[in-house]
Amino acid sequence: MMLEKIIALSRKSSPWVCHFNSGGCNACDIEVMATLTPRFDVERFGIQLKGSPRHADILVCTGPVTKQIRERLLRVYHQMPTPKYIAAVGSCALSGGVFYDCYNVLGGIDRVLPVDVYVPGCPPRPDAIIAGIVKVLQKMEADALELGDQGRASAAEGGNSRVSH
Amino acid sequence: MSDMEIPVGPQHPALKEPESFRFELEGEIVKSVDIRLGYVHRGIERACQDRTWVQAVYLIERICGICSHSHTTCFCQAVEDIAGLEVPRRARYIRSLIGEMERIHSHLLWLGLAGHEVGFDTLFMYAWRDREVILDALEAISGNRVNYGMNTIGGVRRDLTDRDVEELRSAIRILEERVGYYTDVALEESTFRNRLEGVGKITKQQAIDLGTVGPTARAAGVNVDLRRDDPYAAYDEIPFNVVTAEAGDLLAAAEVRLGEIRESIGIMKYILDNLPDGPIAVKAPRRIPPGEACSRYEAPRGEDIHYVRSSGGDKPERVKVRAPTLANINAVAESMKGVRVADIPIIIAGIDPCFSCTDRMVRLEDRISGRVEVLRWQDLSRRYRR
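Taken in sequence, the protein lines are chains A and B.
For the first sequence, position 103 (counting from the first letter as 1) is numbered 96 according to my numbering, and the numbering increases by one without interruption.
For the second sequence, position 69 (counting from the first letter as 1) is numbered 109 according to my numbering, and the numbering increases by one without interruption.
Be aware that a few hints might be false.
One-sided and incomplete, this derived list gives chain A residues near chain B with beta-carbon spacing under 10 Å [as the list claims (entries may be wrong)]:
1) Gly56
2) Val98
3) Cys115
In silico DSS-like cross-links for lysine-lysine, where the CA-CA straight-line distance does not exceed 30 Å [to be verified]:
4) Lys60(A) / Lys360(B)
5) Lys60(A) / Lys355(B)
6) Lys56(B) / Lys43(A)
7) Lys323(B) / Lys71(B)
8) Lys71(B) / Lys244(B)
9) Lys56(B) / Lys5(A)
10) Lys355(B) / Lys323(B)
Since the hints were derived computationally from the structure, they do not count as laboratory data.
Just so you know, even glycine gets a beta-carbon here, dropped at the ideal spot from N, CA and C.
All chains, please: the whole structure from these sequences, using the hints.
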């Protein structure tokens, strides 16, 4: 449908982002916060950090995923409306990083959720995080154009089945 | 009126880190609070036992991204103590310098978040803009904005060049002016004052009884500061004042933190003027001789304690970390009683919590029966609460 295509395309002009710390050391989290502040100021581009996952298009996830947080991370993911995109920020969100062999750590967001964009660094600079979000936007646009008529909603249903329970 | 329970967290707009609080309310008033920690527990203490001494330094640095230098300095001091290493004077000065820069960035971060929690977003933006000044200086010296990787066992890894010193001096000039402005804003601006005054109050006796540390204790009038009481690094040679306040509320906490930024700027100036020449590190042996040591450090949030034991191998036998937020969290639970729901976020933010430092658990092993029991924080406090 034309209307859905327009909605999908216009979503990328003002994506709302939700931030979730899945057990990281805070370093990535303060850098995610720093992207909002005057030096980097992503709100210029319509990107807003939202408190609730129910309003978010993109989940910015940091941390190596501890065993305790896994359930909560899944719950946050399922609370997001489709289409949903995930950006894993920081070395430990990518692979576990320095915590790779800790007993309480699963080792990376992609062990639990389908990740769209990986931002490496310990912690990544705010510039790198913004570059990662821009990559997500490109993906959003590509998805909108490719799926067009069906919208991404049905694809996201398939996306959900990628989630391991 | 029937009681109501509100769960807050682990994912919540007012919390930057995943922690869960359960508030029991009567109308608008908080009756009691149950704190559930442990979402960020990663098992760092155990993982240290599988790392070599040098690798452990980098793991310890990732206990917390905000006070990373505090943890590594504390750990390195303990290891140097066991190995009997004499850290060069220049290295001790550089450690103190980075420590003070970290304190400034951490306190500015707190000021911004406190402004954000009380709905004063302009202060948040201003404080974080000026925080970039100190982050730039840290990046110029160490190569990274947040986890600096400056410490190694036996000294520091990077030297200060003359250019760094010049850049630092100009950063100090900017900061000095801005911090003076924030002190005026925080202590005179009525929107900020009215939200903080009398909120989250603890008395001096409570602060002592609950074992609070750092700015939380100093805001209640407890005159304690490890930099003066048990000097480490170069603090025995540096003159500075310990900032305290009497009121014990969040306004006093803001007053103490802003005063500490000014003191930190003074310490930085002294260090830059009196930086001794010489080597920046001594060579540490690969195997640390058997022994144990306890090291203390005044982190931005309070007293950080590391206990390290070596059995003579190339890996630590045991590392134990007591981070400052764990000592302060009881004060949050206490000062929460009787406050309004709207004040909850700022009271939690008031101690400048760092849960990634705090999340611990205790593993009890009965040597006779071989029974192993894992206790989380709340199990432990339930069991030993009198």
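A quick look at each hint next to the structure:
1. Here the hint on Gly56(A) is kept, as its CB sits about 8 Å from the closest CB of chain B, short of 10 Å.
2. With its C-beta approaching chain B no nearer than about 5 Å, Val98(A) sits inside the 10 Å limit, and its interface hint holds.
3. Taken as an interface hint, Cys115(A) checks out: its beta carbon lies about 6 Å from the nearest beta carbon of chain B, inside 10 Å.
4. Restraint check for Lys60(A) and Lys360(B): the C-alpha separation of about 21 Å stays at or below 30 Å, so the hint holds.
5. For the hint pairing Lys60(A) with Lys355(B), the CA-to-CA distance comes to about 26 Å; that is within 30 Å, so the pair holds.
6. Straight-line distance between C-alpha atoms of Lys56(B) and Lys43(A) comes to about 12 Å, which keeps the hinted pair within the 30 Å bound.
7. Between Lys323(B) and Lys71(B), the direct Cα distance comes to roughly 56 Å. Violation of the 30 Å bound is thereby established for this hinted pair.
8. The suggested pairing of Lys71(B) with Lys244(B) holds, with an alpha-carbon distance near 22 Å, which does not exceed 30 Å.
9. Taken as a hint, the Lys56(B) and Lys5(A) pair is honoured in the structure, with Cα atoms around 25 Å apart against an allowance of 30 Å.
10. Among the hinted pairs, Lys355(B) with Lys323(B) is consistent with the structure: their alpha-carbon atoms are about 17 Å apart, no more than 30 Å.
Taken one by one, the earlier hints fail for this structure only at number 7.
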